[in-house]
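Participant: In order, the protein sequence lines correspond to chains A and B. In case it helps, my numbering puts the first sequence at residues -12 to 641. In case it helps, my numbering puts the second sequence at residues 845 to 1105.
Check before you lean on any hint, since a few could be wrong.
[Said to hold, decoys possible] Computed from the model, here is a short list of chain A residues facing chain B with C-beta under 10 angstroms:
1) PHE38
2) ALA54
3) GLY144
4) TYR175
These are computed hints drawn from the structure, not numbers from a lab. Note that the Cβ used here is the ideal one computed from N, Cα and C, for glycine as well.
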Amino acid sequence: MTIETQPRTDIRQVEYTVTLDSKTPTGPIQDRWDQHKFDMKLISPANRRRFTIIIVGTGLAGGSAAATLAEMGYNVIAFCYQDSPRRAHSIAAQGGINAAKNYRNDGDSIYRLFYDTVKGGDFRSRESNVYRLAQVSVNIIDQCVAQGVPFAREYGGLLDNRSFGGAQVARTFYARGQTGQQLLLGAYQALARQIGLGKVRMHTRTEMLDLILINGRARGIVTRDMTTGKIERHVADAVVLATGGYGNVFYLSTNAKGCNATAIWRAHKRGAYFANPCFTQIHPTCIPVTGDHQSKLTLMSESLRNDGRIWVPKKIGDKRDPRDIPEDERYYFLEERYPSFGNLVPRDVASRNAKAVCDEGRGVGPSGLGVYLDFADAISRLGVQTIRDRYGNLFDIYEKITGEDPYTVPMRIYPAVHYTMGGLWVDYELQSTIPGLFVIGEANFSDHGANRLGASALMQGLADGYFVLPYTIGNYLAQTKLEKVSVDDPAAREVEAEVNQRITNLLSINGKRSVDSFHRELGNLMWNNCGMARNEAGLKEALRRIPEIRAEFYENVRVLGEKEAINQSLEKAGRVADFMELAELMCIDALHRTESCGGHFREESQTPEGEAQRDDANFSYVAAWEYTGNGARPALNKEPLNFEYVKPSQRSYK
Amino acid sequence: MDLRLRIWRQKNKNTTGKLVTYELPGISPDMSFLEMLDVLNERLIEQGEEPVAFDHDCREGICGMCGLVINGVAHGPEVTTTCQLHMRHFKDGDTITIEPWRAKAFPILKDLVVDRSAFDRIIQAGGYISVSTGGTPDANAILISKESADAAMDAAACIGCGACVAACPNGSAMLFTGAKIAHLSHLPQGQPERYDRVRNMVQAMDAEGFGGCTNYGECAAVCPKEIKLDVIARMNGDLIKSTFLSSGTRKMGPNATRNGK
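Turn these sequences into a full structure, and let the hints steer you where they fit.
Facilitator: Shown next, in the form of structure tokens:
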């Protein structure tokens, strides 16, 4: 095995412009999906049982896809690393799910949801995909209600809605603060039904470690059973990755501890292009880090910004109790800088400004990385009871974690990595550049452009799984002549041998540092140099440092325990090894995209007021990176973006 | 703060385990319980000893993956998940005993990790509404009173962590099973299969080796999502009714009749 340890600071690109066929339909945008569905080839119900589909990951996207494909008659083999599909990290989404139902009669429509999503994504998404997403959003709500998802209701028995994330219409459906949980349980129960019926073979506590290609097509995966340590080969007619995002590159994020990029990264190394890896979303309202022991970050719903006022002390290094700091010594930085939107500016703007005041030395709390979110004014204006009704459960979470009472002491918040808009490149049919490999949910790059709107992640996961992939995968299977393959195919055995080699290598290094210590070091570097704000010098520094960290990892990591047993250190080691390679690609992408857009803020590209400055003339494209071998520069493929309906404009929140 | 930990160590399913004592100085009260175990594991790795295996994932109290018996109480002294328990609830110099869930239906896999797949099989036996994707009516075509929706949501909040089973002297899963049955039976969509569901799920639950309920109420006392004992009464009521209904002979899935695995 060769391990790439040399820095790749040369930023010249190899560019290809011909290979990417997005299969985007033409014609009026409202007819494209219907027309495309009609144009696609079908597989008759009786023939579907002849096909087997592997689905990796069983969150909202994977769980809903597995259930739906099994209902249609396909044989499904599904995998998740948790002990049950009910635990996927989709479960942690609090706020809600958007749908263009217009139940509030406030002027919402499919077109408006489409428009908001394209604009919110800062004009870096594909119009056709986004329109389809808005179209099927209404079906998702119908489906979930039929499954028994207990959405919030009004007294008359109709569904309740709220407005979310600065949207001017109330299109968000919710189930208390646990919308993700309830939607996931809906998909999980549909999946459980198919497992019970024998149409889905479910492998829990099983991790995909590589992809098997036979004759250029994705035909299977190699897995490790995390209970027995056994390495296994599985083959099928198509493979679907629904393995979520890669926010844990940063070590600290709001992702679950087990979330990882291994499946998509291994697929990338086998030929799937990775699109816009630098597009990551930082959420402004998370509970700050308390020390080096911190293992993850907890999000507080951004609805808190509706009533909370964000401030820091004017005086640098002011360590007084916030309640003793008089009004005229407080800096309400969002209200002062953005008088019309104030505390309700979009996520990226709020996050960057919080970082800026902390960098100036005005940050609060023990670490100096925090700003106050103060409810004192709202409580004196509306009364404690109203605030308790609106945010009671969030205040309880905060108090449980910090031990401070937010009714009397201002909350402290700080931004944290939350979502990754980038992911494997897929065409309109959600197929990657490897034939037979489909990618759905957060794992793909589509739909959200450079910035995702609130309550849209759940929508996209379920849209892909329930209503898009089940059609498009049939089109692939119907048009492709697939030879019969077995797990004993030489190509499958070769991939397994490589997986075994990697594991043996990790276990034999026997150095001095734990896996977590490397992960923390990498995460810290990424957060500082490829986080909320990026610049050329910082990115070049990261590109110099990452290979050094990686080199030390392969010389000095200590992974104890055995291969053929439960070994959580070994699991982590494999994931961190892949994060270190992905981190480098993220920095390369961030370095090449010299414009600012959405969650990607390049300090060199800002308006005179300090806002993100897009460069549509040069960067109105999807950057799809192609793996070109160990140590070689990845090649840049560009998918140009055309905006026929929503004309690009510069955002302004002044 | 300085702590003494007594932790259950067990190599695998087939070996017997024992409590091993570790001294752990220098713990911050701001750490979560699992972060405290992370610190222990980092130090064990430094010393060349294999770290303690424990299940965890979201670390924000919603995925249900974590679960430890702490000083004899499932999820420890606060009514919350283990990941949301913080060290400020302990004192400097405390001895803390940490064990896995203990129940016949949850075999120990290693150290503090147990196999809860029995819960999945109970759901597979009928914990769903039989609708396939597509062709469903408009969401607002089904009217549901706010009271029913709220009652369904109260029960649906279950995270499937298994603390109820771990706390029960009988190792009963009736709070878990009852919660899913109550969630679906409070809704109009859940009515057509209501009595088949309860019969099939209870049968699956019994086949997995969970004990019966004798009203200790320990399950509800430790439930991090505060699921009420009422769900068990509701399940029992439905189960009795189901025996009088002829429609109750239908099996919802093949697993409903299978014993155990």
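Participant: All hints are to be evaluated individually against the structure, with a verdict given for each.
Facilitator: Hint check results:
The interface hint given for PHE38(A) is violated, since its Cβ lies 17 angstroms from the closest Cβ of chain B, which is over the 10 angstroms cut-off. This hint holds: ALA54(A) has a C-beta 7 angstroms from the nearest C-beta of chain B, less than the 10 angstroms allowed. A cut of 10 angstroms between beta carbons decides the hint on GLY144(A): the least distance to chain B is about 3 angstroms, and the hint holds. Because the closest C-beta pair between TYR175(A) and chain B is about 8 angstroms apart, less than 10 angstroms, the hint holds.
Violation of the numbered hints given earlier is confined to hint 1; every other hint is satisfied by the structure.
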